[in-house]
Amino acid sequence: MRYKVITGLAFLGILVLFAVGSKSAKDASMDTLASPFTISVEGKPIADVGESTLDTVQAKIGSKPATFSLKNGWIHSGDWVLGRATRENRSLLPKQVFWFKTSPDVQSRVQPVQVRHKDGRYEISFSSMLIPV
Numbered sequence: 001m002r003y004k005v006i007t008g009l010a011f012l013g014i015l016v017l018f019a020v021g022s023k024s025a026k027d028a029s030m031d032t033l034a035s036p037f038t039i040s041v042e043g044k045p046i047a048d049v050g051e052s053t054l055d056t057v058q059a060k061i062g063s064k065p066a067t068f069s070l071k072n073g074w075i076h077s078g079d080w081v082l083g084r085a086t087r088e089n090r091s092l093l094p095k096q097v098f099w100f101k102t103s104p105d106v107q108s109r110v111q112p113v114q115v116r117h118k119d120g121r122y123e124i125s126f127s128s129m130l131i132p133v
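Taken in order, the sequence shown gives residues 1 to 133; the numbers are from the numbering used here.
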């Protein structure tokens with residue numbers, strides 16, 4: 001199976017994601033992508049969360065890439081959602097990206113994601129913060 005690759009930029013770990021998606025996407029915002037994808041930071045994949053017993057785990061790069069899907073504004077991989085916390089410091093410093101265990105309240109703990117194709121480039125935004133590629 002062929003996956004799309006989402007690339008990113010890291011400051012002190014995985015902090016901000018930039019997206020490169022499929023050419024089949026339209027110029028409108030989308031909250032769902034039809035095919036699975038991987039996410040890479042500086043050429044290294046975001047690792048699968050593994051068998052963690054915690055509800056929230058900081059995302060890391062590693063040798064075993066996680067496979068993601070974007071459904072209804074949430075980046076999923078198995079029983080986990082990847083994203084930025086809804087409650088985070090308000091500084092202008094880069095923000096951390098976490099794995100959140102799927103639960104009834106996960107949508108209140110994670111910022112929704114939008115992907116937009118504009119001028120031949122893809123942009124991903126968490127909540128109201130837009131990150132161009």
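Hints are computed from structural coordinates only; laboratory data are not their basis. Do not take every clue at face value.
Here are the simulated DSS-like pairs of lysine-lysine, each with C-alpha atoms no more than 30 Å apart in a straight line [to be verified]: (1) Lys-118 - Lys-60; (2) Lys-95 - Lys-71; (3) Lys-71 - Lys-118; (4) Lys-44 - Lys-118; (5) Lys-95 - Lys-60; (6) Lys-60 - Lys-71; (7) Lys-101 - Lys-60; (8) Lys-44 - Lys-64; (9) Lys-44 - Lys-71; (10) Lys-101 - Lys-44; (11) Lys-64 - Lys-101.
Here is what the structure says about each hint:
With a C-alpha separation of about 29 Å, the suggested pairing of Lys-118 with Lys-60 holds against the 30 Å cut-off. The suggested pairing of Lys-95 with Lys-71 holds, with an alpha-carbon distance near 22 Å, which does not exceed 30 Å. At roughly 20 Å between alpha-carbon atoms, Lys-71 and Lys-118 fall within 30 Å of each other, so this suggested pair holds. Simply put, Lys-44 and Lys-118 have alpha-carbon atoms about 25 Å apart, close enough for the 30 Å limit, and the pair holds.
Restraint check for Lys-95 and Lys-60: satisfied, since their Cα atoms lie roughly 14 Å apart, inside the 30 Å limit. Restraint check: the Cα-Cα separation between Lys-60 and Lys-71 comes to about 22 Å, which is no more than 30 Å; the hinted pair holds. At roughly 15 Å between alpha-carbon atoms, Lys-101 and Lys-60 fall within 30 Å of each other, so this suggested pair holds. With a C-alpha separation of about 10 Å, the suggested pairing of Lys-44 with Lys-64 holds against the 30 Å cut-off.
For the proposed pair Lys-44 and Lys-71, the alpha carbon gap of about 24 Å is at most 30 Å, so the pair holds. The straight-line distance between the Cα atoms of Lys-101 and Lys-44 is roughly 23 Å, inside the 30 Å bound, and the hint therefore holds. A threshold of 30 Å between alpha carbons decides the hint, and for Lys-64 with Lys-101 the separation of about 19 Å falls inside it, so the pair holds.
Violation of the numbered hints given earlier is absent; every hint is satisfied by the structure.
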